[in-house]
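**Q** Sequence:
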Amino acid sequence: MIITDSTRSRFDREVAKYPAEQKQSAVMACLAIVQQEEGFVSKEAEKAIADYLGMAPIAVHEVTTFYNMYNQHPVGKFKLNVCTNLPCQLRDGAKALHHLEQRLGIRMGETTADGLFTLQQSECLGACADSPVMLVNDRTMCSFMSNDKLDQLVDGLRQSEGKA
Numbered sequence: 145m146i147i148t149d150s151t152r153s154r155f156d157r158e159v160a161k162y163p164a165e166q167k168q169s170a171v172m173a174c175l176a177i178v179q180q181e182e183g184f185v186s187k188e189a190e191k192a193i194a195d196y197l198g199m200a201p202i203a204v205h206e207v208t209t210f211y212n213m214y215n216q217h218p219v220g221k222f223k224l225n226v227c228t229n230l231p232c233q234l235r236d237g238a239k240a241l242h243h244l245e246q247r248l249g250i251r252m253g254e255t256t257a258d259g260l261f262t263l264q265q266s267e268c269l270g271a272c273a274d275s276p277v278m279l280v281n282d283r284t285m286c287s288f289m290s291n292d293k294l295d296q297l298v299d300g301l302r303q304s305e306g307k308a
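Counting from 145, one number per residue, gives the positions in the sequence shown under my numbering.
There's no promise every hint is true.
Listed next, the in silico BS3-like pairs over lysine-lysine satisfying Cα-Cα at most 30 Å (straight line) [said to hold, decoys possible]: (1) Lys187 x Lys167; (2) Lys307 x Lys221; (3) Lys221 x Lys239; (4) Lys223 x Lys307; (5) Lys239 x Lys307; (6) Lys191 x Lys161; (7) Lys307 x Lys293; (8) Lys293 x Lys223; (9) Lys191 x Lys223; (10) Lys221 x Lys293; (11) Lys221 x Lys187; (12) Lys161 x Lys187; (13) Lys167 x Lys191; (14) Lys239 x Lys293; (15) Lys223 x Lys239; (16) Lys223 x Lys187.
By construction, these hints were calculated from the structure, which means they are not laboratory data.
The whole structure should be built from the sequences, with the hints applied where relevant.
**A** Shown next, in the form of structure tokens:
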């Protein structure tokens with residue numbers, strides 16, 4: 145990946161927030177910028193960020209793989225992360241994931257043929273009392289996700305794209 149002038153300018157703004165000797169602290173922001181622009185963070189993008197920040201590529205890769213919010217390959221327009229940590233498992237988290245697999249016709253980790261949905265599991269989303277919970281596009285938390293609510297969510301997202 146070649147960092148464009150526009151991307152470099154965005155990186156520069158993030159790095160400027162830290163003392164010069166701590167510019168590596170901007171790694172998460174740089175990863176987020178690449179993901180906004182490209183839709184995911186490729187190995188080439190990790191290398192470009194590592195070069196820019198003066199880090200070992202493996203150090204950037206460790207950050208990319210640690211957090212659910214960084215996509216390591218292209219994903220659908222709507223990324224559905226279902227919490228499968230123990231508290232949610234005890235309150236139907238696995239059932240919610242399986243219901244979505246059946247409803248969307250994909251398995252966990254896959255994307256629908258139309259490119260609309262990617263289904264993933266996630267670790268704790270910090271809303272155990274509201275389980276089963278899920279996160280849509282790393283931003284919108286959905287709680288108490290019964291099968292009916294899951295169906296309504298999928299239908300609503302499809303309608304928003306004119307694919308109902």
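**Q** Decide, hint by hint, whether the structure agrees.
**A** Hint check results:
Distance restraint check for lysine 187 and lysine 167: the Cα-Cα separation of roughly 20 Å lies within the 30 Å cut-off, and the hinted pair is therefore satisfied. For the proposed pair lysine 307 and lysine 221, the alpha carbon gap of about 12 Å is at most 30 Å, so the pair holds. With a CA separation close to 23 Å, the supplied pair lysine 221 and lysine 239 stays within the 30 Å bound. Straight-line distance between C-alpha atoms of lysine 223 and lysine 307 comes to about 16 Å, which keeps the hinted pair within the 30 Å bound.
For the proposed pair lysine 239 and lysine 307, the alpha carbon gap of about 25 Å is at most 30 Å, so the pair holds. The hinted pair formed by lysine 191 and lysine 161 meets the criterion: a straight-line CA distance of about 22 Å does not exceed 30 Å. For the proposed pair lysine 307 and lysine 293, the alpha carbon gap of about 19 Å is at most 30 Å, so the pair holds. Between lysine 293 and lysine 223 the CA atoms are separated by roughly 17 Å; this keeps the pair inside 30 Å, and the hint holds.
This hinted pair checks out: lysine 191 and lysine 223 have alpha carbons roughly 25 Å apart, not beyond 30 Å. Under the criterion of a C-alpha separation no larger than 30 Å, the hint pairing lysine 221 with lysine 293 is consistent with the structure, at around 20 Å. Note on lysine 221 and lysine 187: the hinted pairing holds, with a Cα-Cα distance of about 21 Å set against a maximum of 30 Å. Proposed proximity of lysine 161 and lysine 187 is supported: the alpha carbons are some 25 Å apart, at most 30 Å.
Restraint check for lysine 167 and lysine 191: the C-alpha separation of about 16 Å stays at or below 30 Å, so the hint holds. Distance check on the hinted pair: lysine 239 and lysine 293 sit about 13 Å apart at the alpha-carbon level, within 30 Å; holds. Taking the CA atoms of lysine 223 and lysine 239, the gap is about 18 Å. The hint holds against a cut of 30 Å. Restraint check: the Cα-Cα separation between lysine 223 and lysine 187 comes to about 20 Å, which is no more than 30 Å; the hinted pair holds.
Violation of the numbered hints given earlier is absent; every hint is satisfied by the structure.
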